[in-house]
Every structure is written in C-alpha cells, then in structure tokens.
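Asks: This is what each chain is made of:
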Amino acid sequence: GDSVTQMEGPVTLSEEAFLTINCTYTATGYPSLFWYVQYPGEGLQLLLKATKADDKGSNKGFEATYRKETTSFHLEKGSVQVSDSAVYFCALRRGTLTFGKGTMLLVSP
Amino acid sequence: GAGVSQTPSNKVTEKGKYVELRCDPISGHTALYWYRQSLGQGPEFLIYFQGTGAADDSGLPNDRFFAVRPEGSVSTLKIQRTERGDSAVYLCASSVVHGGRAAETQYFGPGTRLLVL
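Order-wise, the sequence lines are chains A and B.
Taking my numbering, the leading residue of the first sequence gets 1, the next gets one more, and so forth.
Taking my numbering, the leading residue of the second sequence gets 1, the next gets one more, and so forth.
Next up, chain B with everything else stripped away, as it sits in the complex (with noise of 0.2 Å):
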C-alpha cells in the first residue's frame, strides 16, 4: 500500500517569504508527526497530532512555525518570515491509534528538503 508522501520534494525560498509543506499520512492512521533535521544532525520532534488537534506542539521553535489538520487526514507545515537557519529537510511520520495511544512504530515519509537563500 501507500506510504506516507510529503510534497513537494524540494523547495528554494529566499529570507522572509512564506511557505507550506504537505505530508499525506498512510490511509487510516490517526496519529501524524513533524520532526526537523538538520545537516548532520539527528530528527527533531516538532508537532504531534492526533486527529485534528495538535496533541503536542512543544517542538515548535517559535511562532514562526504552524500546522494544521484540519480534516484528520493531509497536514500542512506553514512556515512564515524564513529564515536561513529554517534550512533543513521537514519529515513527516504517521502511526496507528490503539486505545487513544498511538502506536509504537512511527512510518515516516521520504521529507521535504527546504533550502532558503
């Protein structure tokens, strides 16, 4: 079956400008993840959502920094006035829901390489 997809692949911006990345979780997984990877460096949890609403947005730098979801299914990471330093590769993940738990095994997609000039 489908995994997780995150569009677009790559994605040039220049300082200041806005921009939204999408991930497309696997086909009934309740649960959906955002994590930031720096070169060199490993995952960074950023925002975690079960259903609709973000169960965990601690790993959000700053205000900067927002997502949605709103029908429980695609998410979209917005990212406002970037920075050089917002360069990076944004990875989404999904899991299953047992109980109002989310599983232990995240699937993660291929990441969206962010590059801002």
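So here's chain A without its partners, still in its complex pose (with noise of 0.2 Å):
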C-alpha cells in the first residue's frame, strides 16, 4: 500500500540556518504530495504542494521538488526562523491523504 517515510526529529537549528527534512513515498501511479504544518496548540495546516513530477511547491520560504526518479519531496528553507518551530508532516493523496510520522523542528534564536 501506499506509505510516506521522513526523517525523524527533532530537528534542531539555530536561526537563519538552512533546513532540509527528507520526505520519501510509495505509491502506485502519480500520487500528489503535500507538506502540512502543525504549529503549537493549533491544527493542520497545508504548507505547499505539487501534482506532478517536476513541480516546485513554495510557500512562506518554504519549497519542495516533486522527483519522481528518486520518489521524494523533500521540504527546504533557505534560513530558518524561531516562528518555523512546529511538526511538518509530508503527505502523499490518491484519493484520501497518506500522512508521514511528522518531524518536529525547534529553532532557536
């Protein structure tokens, strides 16, 4: 079946440093793949995403390449901030929503 595997955290960084969370998936066909963020004390937010191989999802300095080769998506930010802190879980839709473990990020200033 299909399944979603990303690094474990925590992921710690001081601010302004780069951030790479690794997201790799399993599925049959041309799944979507989402990036969602859960912030402390609220709920699931969507991120970025991308349909289709090659596309480049961004969002708030926050960007993921669809690679189909490598069957991953893996999140980037170039400088990171304390307001980044949270649990970022990689998804992946045919259909319904096939979520990863999540990975906490903790930046400190």
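Keep in mind that the hints were calculated from the coordinates and are not lab data.
From a predicted model like this one, the values you see are computed outputs, not experimental measurements.
There may be inaccurate statements among the hints.
[To be verified] For lysine-lysine, the following DSBU-like pairs were computed, each having C-alpha atoms within a straight-line distance of at most 35 Å:
| no. | chain 1 | residue 1 | chain 2 | residue 2 |
| --- | --- | --- | --- | --- |
| 1 | A | K101 | B | K78 |
| 2 | B | K17 | A | K49 |
| 3 | A | K68 | B | K11 |
| 4 | B | K11 | A | K49 |
| 5 | A | K101 | B | K11 |
| 6 | A | K56 | A | K101 |
| 7 | A | K52 | A | K101 |
Mind assembling these two chains? They're in different frames, but the hints should get you there.
Replies: Right under this line is the structure:
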C-alpha cells in the first residue's frame, strides 16, 4: 500500500540556518504530494503541494520539488526563524491522504 | 470565514463507554474526512464522505467505529465500547468538490483529544 517515510526528529537548528527535512514515498501511479505543518496548539495547515513530477511547491520561504525518479519530496528553507518551530508532515494523496509520522523542528534564537 | 470546528475539544471516558465526536465543516464543502492521530504518529485516514454518503470507509479499524453525515454538513463519529487503544486525537477535514471530485486541498479542524481510561 501507499506509505510516506520522513526523517525522524527533532531537528534542532539555530535561527537563519538552512533546513532540509527528507521525505520519500511509495505509491502506485502518480500521487499528489503535500507538506502540512502543525504549530504548537494549532491544527494542521497546508504548507505547500505539488501535483506532478518536477513541480515545485513553495510558500513562506519553504520549497519542495516532486522528484519521481527518486520518489522524494524534500522540504527546504534557506533561513529558518524561531516562528518556524512546529511539526512538519509529508503526505501523498491518491484519493485520501497518507501521512508520514511527522518531524519536529525546533529553532533557537 | 469560519474554519472546520470540532467538539468537544477534549473527551475523557471510561473503557467500555460510548462516545460521539462532532465535526462542523466549512460551509459549502461537500467532502468531509475523518482521521485519527495517535501520539507520535501522523494522521491515519478513517472515512470519507461526499455529501451524505460514505464514499470510502476503508480506514475504519473495526465495527465499533461508525460515522454519519445525515444532512451533508455536520458529521458525527461514533465509537462503541471504547478501548484504551482508541485514545488519540480525532481530526476532521473538509474540501470542496469540483466535477464530482474532491479538491486537493483539505482544511483541518483542531481535533478532539479522546482519552479512554
């Protein structure tokens, strides 16, 4: 069945550091790919998405590129802020959403 | 505008009891989803409604779990004979439907945290 694997956290960074959170997936066909974010005390929010191979999703300085050849959708940001501290979920959609386990990001001043 | 709302925000019950969890989707969203998120895990799909009918209930773990959406808006997730393993955050999401297909973007509610003692 479909599955999503993302790097375990927590990821601990200093402000202005470069961020990468790895995500790979297993699915038949060509799913749409998503990153969702959950800030402390809040619900899941869509961060970005890509619907086909080589598409790049971007939002709030975050980017991820749909790589069919490596079945990956790694999340990157050039300079993180303290306010980016949250749990990040990679997900794929073929009908319904299949999520990874989540990666906690902690950014210190 | 109002987002997806869920009530109660927290529910504590005893093993063997019956619970109902409510979801109020965004107005006009025909598609509605229920997910369960256990501690340290990502959300897991339970059931998907399009309108009043369950289009996909393949994620319901067993027959103790049931969900309804009688008027195509509010949905209730019902759990009978609760077990300690049912403790989790239950999330609801909704989306618009175009041409009979649910849109890519789902909007999530804050969840109901269920604790079974």
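Asks: For each hint, tell me whether it holds in the structure or not.
Replies: Outcome of the hint check:
1. The suggested pairing of K101 (chain A) with K78 (chain B) holds, with an alpha-carbon distance near 25 Å, which does not exceed 35 Å.
2. Taking the CA atoms of K17 (chain B) and K49 (chain A), the gap is about 40 Å. The hint is violated against a cut of 35 Å.
3. In summary, the hint linking K68 (chain A) to K11 (chain B) is not supported, as the alpha carbons are separated by about 42 Å, beyond the 35 Å threshold.
4. Proximity of K11 (chain B) to K49 (chain A) is assessed by CA-CA distance (about 33 Å); at most 35 Å being required, the pair is judged to hold.
5. At roughly 24 Å between alpha-carbon atoms, K101 (chain A) and K11 (chain B) fall within 35 Å of each other, so this suggested pair holds.
6. Using a Cα cut-off of 35 Å, the hinted pair K56 (chain A) and K101 (chain A) holds, with the two alpha carbons roughly 22 Å apart.
7. A C-alpha spacing of about 23 Å is found between K52 (chain A) and K101 (chain A), which places the hinted pair at or below 35 Å, so the restraint holds.
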